[in-house]
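Undergrad: Listed below are the residues making up each chain.
2 protein chains.
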Amino acid sequence: MTATLDFWFEFASTYSYPAAMRIGALARASDVKVRWRPFLLGPIYARHGWRDSPFNVNRVKGRYMWRDLERRCAAFGLPFARPARFPQRSLLAARVATVAGGEGWAADFSRAAFRASFAEGRDLGEPTTIAALVAALGRDAETVLARAAAEDIKARLRDETAQAEALGVFGAPTFVVGGELFWGGDRIDDALDCARGR
Amino acid sequence: MTATLDFWFEFASTYSYPAAMRIGALARASDVKVRWRPFLLGPIYARHGWRDSPFNVNRVKGRYMWRDLERRCAAFGLPFARPARFPQRSLLAARVATVAGGEGWAADFSRAAFRASFAEGRDLGEPTTIAALVAALGRDAETVLARAAAEDIKARLRDETAQAEALGVFGAPTFVVGGELFWGGDRIDDALDCARGR
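Residue numbers (the numbering used here), protein chains in the order written: chain L, 1 to 198; chain S, 1 to 198.
Treat the hints with care, as some may be off.
Identical chains blur together in the list; that is why a pair holds if it fits in one copy or across any two.
To be verified - Taking lysine to any residue and the SDA-like style, the derived pairs with C-alpha atoms no more than 25 Å apart in a straight line are:
(1) LYS154 / MET65
(2) LYS154 / GLY102
(3) LYS61 / ALA166
(4) LYS61 / ARG72
(5) LYS33 / PHE86
(6) LYS33 / ARG47
(7) LYS61 / ILE153
(8) LYS61 / THR2
(9) LYS33 / GLU142
(10) LYS33 / ARG71
By construction, these hints were calculated from the structure, which means they are not laboratory data.
With the hints as extra help, turn the sequences into a complete structure.
TA: Laid out in structure tokens, this is it:
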């Protein structure tokens, strides 16, 4: 039986970007299967009384985070450009990733969306951006965007977010192996080790 | 010239414990000199409007942190026991570490205090605990505790805390090399690499 790891991520989350770009190769090297689980941090933050990213609420921490993210991306050889708007509006991307998850292309779409957002300065909240990303993957953008607006997809994303919260997820990225949570890109290796039963 | 790293830590900070226990050997192996810089997070948190540890304010995050800390300590071979009281009252320990810093025994005292707090379940806020730790280091506890209560020591700790804040420190442990900040025990290696000019 292949070991499995759930990768919970949010398109507006800064540290989800390097995690999304790295998890595929790392998991392959470890013979671990990754389940891409897009969810929304907004509703979970709102429950904590936060109406904005903690990195905006605490400007000093936010300043550090941008510098740290820049350094991390450089260390991983990932392009990085600070988005003009933060946090990005991630709802549409999360819904499209939910559609993609049912059709086997969630990883490809998610990596493309993170790259657009954190490397190319594109506005993820714009349907035209999402449509272009979908089309670049050889999918029919109109069909996919219509599907992303369907009630069952909206409900599925809400359910996923509720499941993340029920698991104890409070931030992104979070890697879950069985009942064990690993929060943050710095825990990828630990999570993979855990998945392999080490 | 030996490369130098400033290790800013807070005795009540959970992740400062493994950092304090590891930094000495890691820095020696990297030929980097460590300056132990005790400070108080309380005044900095208060400026953000927090009256308690973020791990208590956000119980879900707190629950994760304790599990993560337990796992980290196990991975590092460090004993760990969750303190009965969190956060511990760290003012006296910070003042004694400030005294010790002027006399060359800050690292020894700090490691002993962290061990007492996070491995032995002792109450750091109790002067008897601190006195015992000081005495175990072969110092006269009465003299040291009197010194710790002197106005110049209190002022020096306030100044150090103000300097940490001015540097952009918002949490502990934080490693500072030149103007570059590295927050969290996960950044020890990056900070040492930076100190060596890599």
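Undergrad: Now tell me if each hint is right for this structure.
TA: Here's how the hints hold up against the structure:
no.	hint	verdict
1	LYS154 / MET65	neither (31 Å within a copy, 32 Å between copies)
2	LYS154 / GLY102	within (13 Å within a copy, 61 Å between copies)
3	LYS61 / ALA166	between (27 Å within a copy, 13 Å between copies)
4	LYS61 / ARG72	both (16 Å within a copy, 23 Å between copies)
5	LYS33 / PHE86	neither (31 Å within a copy, 38 Å between copies)
6	LYS33 / ARG47	neither (31 Å within a copy, 44 Å between copies)
7	LYS61 / ILE153	neither (35 Å within a copy, 29 Å between copies)
8	LYS61 / THR2	neither (39 Å within a copy, 30 Å between copies)
9	LYS33 / GLU142	neither (30 Å within a copy, 60 Å between copies)
10	LYS33 / ARG71	between (28 Å within a copy, 23 Å between copies)
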